[in-house]
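**Q** So the sequence lines, in the order shown, correspond to chains A and B.
The first sequence: position 91 = 92 (our numbering), numbered continuously.
The second sequence: position 16 = 455 (our numbering), numbered continuously.
Hints should not be assumed to be uniformly reliable.
[Stated by the list, open to error] Below, simulated DSBU-like cross-link-like pairs (lysine-lysine); rule was C-alpha separation at most 35 Å, straight line:
(1) A:Lys84 to A:Lys4
(2) A:Lys86 to B:Lys536
(3) A:Lys86 to B:Lys916
(4) B:Lys476 to B:Lys769
(5) A:Lys86 to B:Lys917
(6) B:Lys687 to A:Lys86
(7) A:Lys4 to B:Lys604
(8) A:Lys86 to B:Lys769
(9) B:Lys715 to B:Lys983
(10) B:Lys606 to A:Lys84
(11) B:Lys476 to B:Lys606
(12) B:Lys536 to B:Lys604
[Claimed, not checked] With the C-beta cut set under 8 Å, the calculated list includes, among others, these residues of chain B facing chain A:
(13) Pro477
(14) Ser717
(15) Glu724
(16) Thr973
If you are wondering where the hints come from, they were derived from the structure by calculation, not from laboratory data.
Here a beta-carbon is modelled for each residue, glycine too, at the ideal position from N, C-alpha and C.
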Amino acid sequence: MPKLIRWRDGQAIAADDGFTLLADDEAAPSGDVIVSFARFHAEGERLAGEGRAVGVRVAAGEAIESLAYDLPEIAVVALEFPKFKDGRAYSAARLLRERYGYAGEVRAVGDVLLEQAPFMIRCGFDAFEPADGTGPDEWAAAAGRYRHVYQRAADGREPAFALRLAAEAPS
Amino acid sequence: MYLYDDIDQAMLDDRTAEFRAQCARRLAGEINEDQFKPVRLMNGLYLQLHAYMLRIAIPYGTLDSAKLRKLAHVARTYDRGYGHFTTRTNLQLHWIKLRDAPDILDELATVGLHAIQTSGNCIRNLTADPHAGATADEADDPRIWAEAIRQWSTFHPEFSFLPRKFKIAVTGAPVDRAAIRIYDIGLRLSRDATGALAFEVRVGGGLGRTPYLGPVIRQGLPARHLLSYLQAILRVYNRHGRRDNLWKARIKVLVASLGAEEFARQVEEEWDRTDKASVDLPDTELARIRGLFRPRGFETLPARSAAFEAARASDAAFARFARRNVLSHKVSGYALVNISLKAPGETPGDASSEQMDVVADLAERYSLDEVRVTYEQNLLLPHVKLDDVPAVWAELARVGLATANTGLVSDIIACPGLDYCALANARAIPIAQAIARRFAEPETAERVGELKIKISGCINACGHHHVGHIGILGVDKKGEEFYQLSLGGSGEDDASLGQILGPALPAERVAPAVDQMVEVYLAQRREGERFIDTFRRTGVEPFKEAVYAEAD
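Assemble the whole structure, with the sequences as input and the hints as a guide.
**A** Right, here's the structure in full:
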């Protein structure tokens, strides 16, 4: 099974991936599957109706908005990084978490590298398929490099300005 | 000026610790150059023609004496005893060893300096009006807002892998001294009828291969919503900017292809759906930042200084310096003093460690401990008592920094060019030196008046050639350095893009051609006309004729 790192409660954990990634022309096996954006729109409902969990793999540039009404039924949204330099999935992840309140798994797939770990976690990703062979210990260390952040994002960390405000407040 | 608190300092210390570990892995061979490249670029470390170059951020161009002394020290200890101030008000050190880089960043961090986001496809170091806090015409000190943006954009989780680099300039004055029209985002602050601060927002300016002046997409943006509005702009760009072609990836191409109106509509739509309160700084935080920028220590002085007037009357060289480099201040009895880094024959924008130390001492003693860096690659002391200007001038003159040429033909912007840069097609520095030498005689330069020459060694246009009154672009013709001249550009309030003069010239013909064009101007100018005004009236023909006549 592909190597997967899950981020749960500030811990990076090695996990087995229970989902099978289906090509568009591949018949669905029994069990949980991840399908393309197009296939999900075409037959997501049918696949889910067969009693399995369904995930969607979203390419960079595909409009995440069009999943908004289906999100409660989607177990995993796998956002693709075609190259590590392509940052579109960061916006998609934040929209899923902050605008649409998505509570399922947001997984980073594609050219996923250790140096991106802090950014991804902040944007709401909670599962990773590293392309550089790095493991949970390295991801945990990378995620903890910075004691502070300057802006609110999807991870709920309090930014510098909020900490300053709290420090000023009368007790 | 802004001082780092424990949180700001912790951010910096965590960053330098991270980079030290990354460098160690590279030096030990655990990661290769390909893997290291994105990491070092995030820390402003470029591999250039001869060595590593470190680009140190000078946020909104503001330094104090401790910071400038540290820059002098780093240049002396780890480089060749000088540094290069750029059109983005950064300082570049061009002869760095990789193994020294972590030590340099540690040293810089002790005074709140760093190289964060001075490269890479992220929101780069901010620039602002160099006269901020000292000029009577501003609605507010733009650095307050630039600092708010600095914090918001630092290690931004969503916007660190944009389609391309992203640059923001801020001014609080109606007169544009920050070139806001050639920026990805150019912000201008003013007060509305009720006295509330509001921004005019320009998006999609830029130079390079396809130059654009940024159109206004929003008027009257309430200042307290600046950050949420910026988030909306950046989100639209991050999602929809082109990523298939490096040359079309800047936001200017997205804005131009959608049209400013449609781009603005998409931003407004995104902004409407944004939880603004989660992004915008609370008023208390803005007030905290504001307090740190409040200048302290102005004395009550008469507008006229006897010492200044006496020096002006008795010394022609000082009088010239006073005319060209001393500007009026919002506080009575004070002045801004421009320090030219354009002594004829020197490299534009370069300063030696000794010169930096002298300027730091002058700032501490005479300028409320402040120094500015301008996009025109000069330094500036923003708060000097008129009474002290003669002493400041004398000390500057001692170290070759009293050239009285602000805005004149020898006050040339030039990128490092092929002498240093791996991207360049041609050298820029020797061209600048050759032109400046021709106009080294101060009377000649002053007679010519305002003339802004800008030189880039390649189409990336770091030397702003598109917006030079005379623009000079280095091109490669079958392995030889040639130079394309353009006329009539401006990066300021009368902004315009230059028009190409004719076929590119070989290096030795460039300075004579500038001379010939100046002669045309002097012959044709009418009362009160600057070079660019004459050009705008006559068009390119007489200039073209003068330069190319003998070749026919």
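**Q** Check whether the Cα positions of A:Lys86 and B:Lys769 lie no farther apart than 35 Å.
**A** violated (46 Å)
**Q** Against chain A, run the beta carbon of B:Glu724 and see if the smallest gap drops under 8 Å.
**A** Nearest chain A Cβ about 4 Å off; hint holds.
**Q** Mind checking the alpha carbons of B:Lys476 and B:Lys769 for me, to see if they're no more than 35 Å apart?
**A** violated (46 Å)
**Q** Please work out if B:Lys606 and A:Lys84 have their alpha carbons no farther apart than 35 Å.
**A** Status holds; Cα separation ~23 Å.
**Q** Would the pair A:Lys4 and B:Lys604 pass a check requiring their Cα atoms to be no farther apart than 35 Å?
**A** holds (33 Å)
**Q** Is the Cα-Cα distance between A:Lys86 and B:Lys536 35 Å or less?
**A** Judged against 35 Å, a Cα distance of about 27 Å means the pair holds.
**Q** Check the hint pairing B:Lys687 with A:Lys86 against an upper bound of 35 Å on the C-alpha distance.
**A** holds (16 Å)
**Q** Run the distance test for A:Lys86 versus B:Lys916: straight-line Cα separation, threshold 35 Å.
**A** It holds: about 33 Å lies between the C-alpha atoms, which stays within 35 Å.
**Q** Do the alpha carbons of A:Lys84 and A:Lys4 lie within 35 Å of each other, as the hint requires?
**A** holds (19 Å)
**Q** Does A:Lys86 pair with B:Lys917 here, judged by a C-alpha cut-off of 35 Å?
**A** holds (34 Å)
**Q** Min Cβ distance, B:Thr973 to chain A: is it shorter than 8 Å?
**A** violated (47 Å)
**Q** Between B:Lys536 and B:Lys604, does the CA-CA distance stay at or below 35 Å?
**A** Judged against 35 Å, a Cα distance of about 25 Å means the pair holds.
Hint violations for this structure: numbers 4, 8, 9 and 16, all remaining hints satisfied.
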